[in-house]
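Build out the structure end to end from the sequences listed, making use of the hints.
Residue numbers (my numbering), protein chains in the order written: chain A, 1 to 330; chain B, 1 to 330; chain C, 1 to 330.
Some hints could be false.
Unchecked claim - Keeping only pairs whose Cα atoms sit at most 25 Å apart, straight-line, the calculated DSS-like set for lysine-lysine is: (1) B:71 / A:200; (2) C:321 / B:286; (3) C:200 / A:15; (4) C:326 / B:318; (5) A:9 / A:143; (6) C:71 / A:216; (7) A:321 / C:326; (8) B:71 / A:321; (9) C:80 / C:61; (10) B:178 / A:200; (11) A:200 / B:20.
To be verified - If you want a taste of the chain A side facing chain C, the calculated C-beta under 10 Å gives, among others: (12) 38; (13) 94; (14) 277; (15) 295.
Rather than coming from a laboratory, the hints here were simulated on the basis of the structure. Glycine residues also receive a C-beta, built at the ideal position from the N, C-alpha and C atoms.
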Amino acid sequence: MNNINLQIKFIDLIKYFADKNILINSSLSENELISGISSLENANNKQISFFEDTKLVNFLKKTDAKACFIKNEFINLLPKTCLPIIVDNPYLCFAYATNYFYPKRISNAKVSQNCSIHKNVSIDDNIEIGNYVTISENCKISKNVIIENNVFIDNDVSIGENTFIGNNCVISNSIIGKNCLIKAGTIIGGSGFGFTVNEKISIEHIGNVIIGDNVKIGSNCTIDRASIDSTIIEDNVRLDNLIQIAHGVKISMNSIIAAQVGIAGSTIIGSNCIIGGQAGIAGHLKIGNNVKIAAKSGVTKDIKDNMTIAGFPAINIKEWKKNMIKLNNI
Amino acid sequence: MNNINLQIKFIDLIKYFADKNILINSSLSENELISGISSLENANNKQISFFEDTKLVNFLKKTDAKACFIKNEFINLLPKTCLPIIVDNPYLCFAYATNYFYPKRISNAKVSQNCSIHKNVSIDDNIEIGNYVTISENCKISKNVIIENNVFIDNDVSIGENTFIGNNCVISNSIIGKNCLIKAGTIIGGSGFGFTVNEKISIEHIGNVIIGDNVKIGSNCTIDRASIDSTIIEDNVRLDNLIQIAHGVKISMNSIIAAQVGIAGSTIIGSNCIIGGQAGIAGHLKIGNNVKIAAKSGVTKDIKDNMTIAGFPAINIKEWKKNMIKLNNI
Amino acid sequence: MNNINLQIKFIDLIKYFADKNILINSSLSENELISGISSLENANNKQISFFEDTKLVNFLKKTDAKACFIKNEFINLLPKTCLPIIVDNPYLCFAYATNYFYPKRISNAKVSQNCSIHKNVSIDDNIEIGNYVTISENCKISKNVIIENNVFIDNDVSIGENTFIGNNCVISNSIIGKNCLIKAGTIIGGSGFGFTVNEKISIEHIGNVIIGDNVKIGSNCTIDRASIDSTIIEDNVRLDNLIQIAHGVKISMNSIIAAQVGIAGSTIIGSNCIIGGQAGIAGHLKIGNNVKIAAKSGVTKDIKDNMTIAGFPAINIKEWKKNMIKLNNI
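Here's what the structure looks like:
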């Protein structure tokens with residue numbers, strides 16, 4: 001998968017990190033060539049690696065890497081063939097290094113002959129559109145957008161600059177911002193699960209989905225349009241795979257949601273929240289800012305800012321942990 | 001998304017509701033033009049709205065709507081610019097109004113040139129078939145059916161009148177009734193997860209899926225064919241998104257299942273059941289009629305008619321709630 | 001769905017079972033013709049059936065089947081028209097019989113005209129490729145592979161002999177073994193959910209997915225590529241539908257995972273494990289061999305070989321059951 005011809009001078013990496021205000025302290029020669037970053041276990045002697053997880057100390061001792069991002073306290077554990085690159089936060093350096101060595105895919109500005117684009121679609125420069133894609137009337141596709149294969153984009157959808165739409169996605173009734181990444185198989189803007197409980201009269205959904213900038217959405221997620229008004233995913237939100245976002249939900253800026261979470265209709269999630277995998281949040285709730293919700297929690301009422309909760313019904317995580325201990329000790 | 005030119009006389013809305021045996025009591029002029037229904041917050045002065053959720057009282061007081069479905073007891077909260085439409089059940093009126101203003105999509109009777117339909121497929125009048133659809137031998141597609149894009153329909157599938165098959169669905173080994181709505185990305189009729197536990201001999205699935213009339217199925221669901229016999233979804237059942245229905249399950253009439261529920265092989269769900277999100281039901285069980293299963297429950301044994309259960313293992317919801325209180329109070 | 005013209009002499013079935021070291025003891029004539037296997041309830045008088053689940057005794061007493069796999073102790077319950085085929089393990093015989101009567105689909109060696117295959121793809125003999133499939137540069141498709149419709153296969157993917165890729169799958173950055181079955185809508189090799197928690201720097205994923213031989217993967221699953229190194233699914237693993245396998249997970253040989261399970265990043269699952277539906281396993285854990293994890297469990301720490309665990313946080317299943325009883329009895 002890697003570019004085997006990749007070769008970068010160490011000095012260029014130092015400069016890249018300097019731009020991020022990260023000082024690199026290493027005896028590795030500035031002209032040394034590096035061909036990428038890899039794990040301690042699999043790095044070859046042309047690659048660099050990083051040491052963060054102390055469970056991996058045995059791999060550290062035997063690594064073939066040419067050099068290693070490492071905290072000062074661990075440098076004595078390195079084999080002699082591997083030079084330390086002493087940093088405060090090796091994992092952060094690893095993250096930056098992946099962006100340096102293997103930058104985000106950019107559009108190759110090719111529109112497949114095997115796709116179907118309505119004549120009244122506004123298409124900006126440098127677009128990539130794959131095979132068997134359908135784009136319907138009045139859509140707006142901004143510059144540098146990549147749309148992979150077998151995608152369907154319904155009437156009136158707009159997609160902002162540099163956004164990536166993965167294979168087999170379906171997008172309708174949506175406004176999508178810039179620099180977003182929507183992974184394969186995700187369905188955005190379908191009608192919600194709305195009806196009157198007693199009479200079972202279906203509600204025809206007429207709202208939409210609004211997705212901000214720099215949003216990342218995983219694979220095979222479902223994000224329903226609002227019944228009226230909008231389902232909203234604000235800037236910098238990150239969703240993992242197989243997540244259900246019901247009609248009229250709002251997820252505020254910078255929140256992070258792990259796989260298989262479900263959020264029921266009209267609930268509002270504050271900004272900077274972190275929601276663990278398989279958690280469920282009932283409808284019509286207001287979750288504050290900076291809330292942390294443990295994996296598998298079931299949230300049944302409003303949650304104030306800065307709380308950390310767990311369990312079902314979800315309570316303060318300290319109480320929940322106490323309860324679990326009490327139960328074991330009865 | 002709305003039709004901005006939509007204009008309906010209030011008298012026509014009154015007549016529509018009269019057909020549903022709902023009496024409209026309002027001082028709004030019968031000749032007044034209405035351009036749709038919206039939320040209290042977003043309605044403009046040509047639209048009507050509704051007030052049901054008392055949390056929204058601040059939006060009620062400031063709404064720009066021309067008129068509002070509202071209970072008599074709340075009419076004093078309306079701003080002077082918004083006339084009350086006094087009804088017993090504003091939310092029901094809202095639901096009906098969405099159907100009145102924005103009726104279900106009907107087939108435009110266009111079959112794409114970019115699809116692949118076997119010559120031995122029976123296709124009735126007024127069908128819509130999207131791009132990159134494949135329909136295999138001996139299928140039967142009834143009148144007014146809409147099949148969106150990138151859909152695959154395998155041999156011998158039959159689809160009843162007025163049924164809608166969303167984008168990127170895959171349907172095999174299935175008989176689907178009338179007036180159904182199958183949303184995007186759902187897989188119906190795949191082989192089940194069947195094998196002998198000790199010897200790990202796979203069971204080749206030869207059964208099918210039978211879906212009744214007026215069934216609604218959400219996005220990215222998976223409904224497996226039976227190993228022998230049939231997986232059955234009866235009339236008027238509603239499934240939300242990301243639901244797993246295993247081989248040989250039967251879901252009886254009118255039952256409602258929220259997102260991310262999983263039902264294991266050969267379990268029978270009675271009629272008029274309501275199953276909350278992320279609940280799981282073990283295999284080979286019999287759940288009675290009118291059973292309510294709380295979100296996130298794990299059901300491990302047969303459940304009698306009319307029970308309401310919660311927890312894992314699921315028990316009577318009152319017992320479960322008591323247990324949760326006991327645990328907090330020890 | 002069945003082949004209605006199917007007719008097999010009983011002696012041939014006896015021989016097939018003899019090859020599996022299963023002795024068939026029946027008074028059914030060796031020349032009798034059998035047209036398949038069905039359930040007790042639905043079998044006709046040309047078919048055989050099996051009796052394993054004692055809940056089905058009323059169907060047994062009224063079955064129209066010609067003969068029935070049955071344990072010796074139950075033969076008196078059969079109607080006179082149905083001859084016993086006395087065996088120790090009727091369900092195993094049923095499983096083998098489904099493979100005998102309805103063998104796995106084999107490639108019909110037809111490549112659709114409506115697909116897009118890069119000129120630098122290595123394609124072996126006897127391949128079947130459906131409509132609207134895209135196969136990108138440098139892929140290797142081995143003999144007897146079946147790729148259904150609307151599939152996208154990205155650069156450099158290799159697929160082993162006899163493997164089946166279902167409709168609407170998306171496969172990238174992957175090496176897939178022989179005799180695998182990947183069901184519809186599954187996404188393999190997408191980038192993982194990786195970033196630094198504090199700084200929110202995304203990690204560009206450069207690893208891959210390696211899938212062994214005889215692996216079965218259900219519908220609408222998501223299996224992410226590793227950040228570096230590989231996500232690994234070893235030989236004979238079986239995954240049900242809607243499962244999330246995060247970046248860098250390893251699932252060892254013969255393990256079985258039920259629907260809607262989620263496994264977080266870098267966790268290692270041992271061999272011969274069984275994981276119940278909707279269980280969740282946190283990241284960076286090591287689950288031993290032969291571990292059984294009950295449905296809906298939440299696993300938060302390493303688990304030793306041969307344990308059976310349940311609950312959240314998951315503990316020894318006996319302790320968990322005791323806790324549930326204690327809670328009811330306080």
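For each hint, the structure was consulted:
1. For the hint pairing residue 71 of chain B with residue 200 of chain A, the CA-to-CA distance comes to about 20 Å; that is within 25 Å, so the pair holds.
2. For the proposed pair residue 321 of chain C and residue 286 of chain B, the alpha carbon gap of about 23 Å is at most 25 Å, so the pair holds.
3. For the proposed pair residue 200 of chain C and residue 15 of chain A, the alpha carbon gap of about 21 Å is at most 25 Å, so the pair holds.
4. Among the hinted pairs, residue 326 of chain C with residue 318 of chain B is consistent with the structure: their alpha-carbon atoms are about 17 Å apart, no more than 25 Å.
5. A distance of roughly 32 Å separates the Cα atoms of residue 9 of chain A and residue 143 of chain A; the hinted pair therefore is violated under the 25 Å criterion.
6. Restraint check: the Cα-Cα separation between residue 71 of chain C and residue 216 of chain A comes to about 56 Å, which exceeds 25 Å; the hinted pair is violated.
7. For the suggested pair residue 321 of chain A and residue 326 of chain C, the alpha carbons sit about 17 Å apart, so the restraint of at most 25 Å is met.
8. The suggested pairing of residue 71 of chain B with residue 321 of chain A is violated, with an alpha-carbon distance near 45 Å, which exceeds 25 Å.
9. This hinted pair checks out: residue 80 of chain C and residue 61 of chain C have alpha carbons roughly 9 Å apart, not beyond 25 Å.
10. Between residue 178 of chain B and residue 200 of chain A the CA atoms are separated by roughly 18 Å; this keeps the pair inside 25 Å, and the hint holds.
11. Annotation: proposed proximity of residue 200 of chain A to residue 20 of chain B holds, straight-line Cα distance about 14 Å (limit 25 Å).
12. Interface hint status for residue 38 of chain A: upheld, as the beta-carbon distance to the closest one in chain C is roughly 5 Å, under 10 Å.
13. This hint holds: residue 94 of chain A has a C-beta 7 Å from the nearest C-beta of chain C, less than the 10 Å allowed.
14. With a cut of 10 Å, the hint placing residue 277 of chain A at the interface with chain C holds, because the nearest CB-to-CB distance is about 5 Å.
15. With its C-beta approaching chain C no nearer than about 6 Å, residue 295 of chain A sits inside the 10 Å limit, and its interface hint holds.
Consistency with the previously given hints fails for numbers 5, 6, 8, ordered from lowest to highest.
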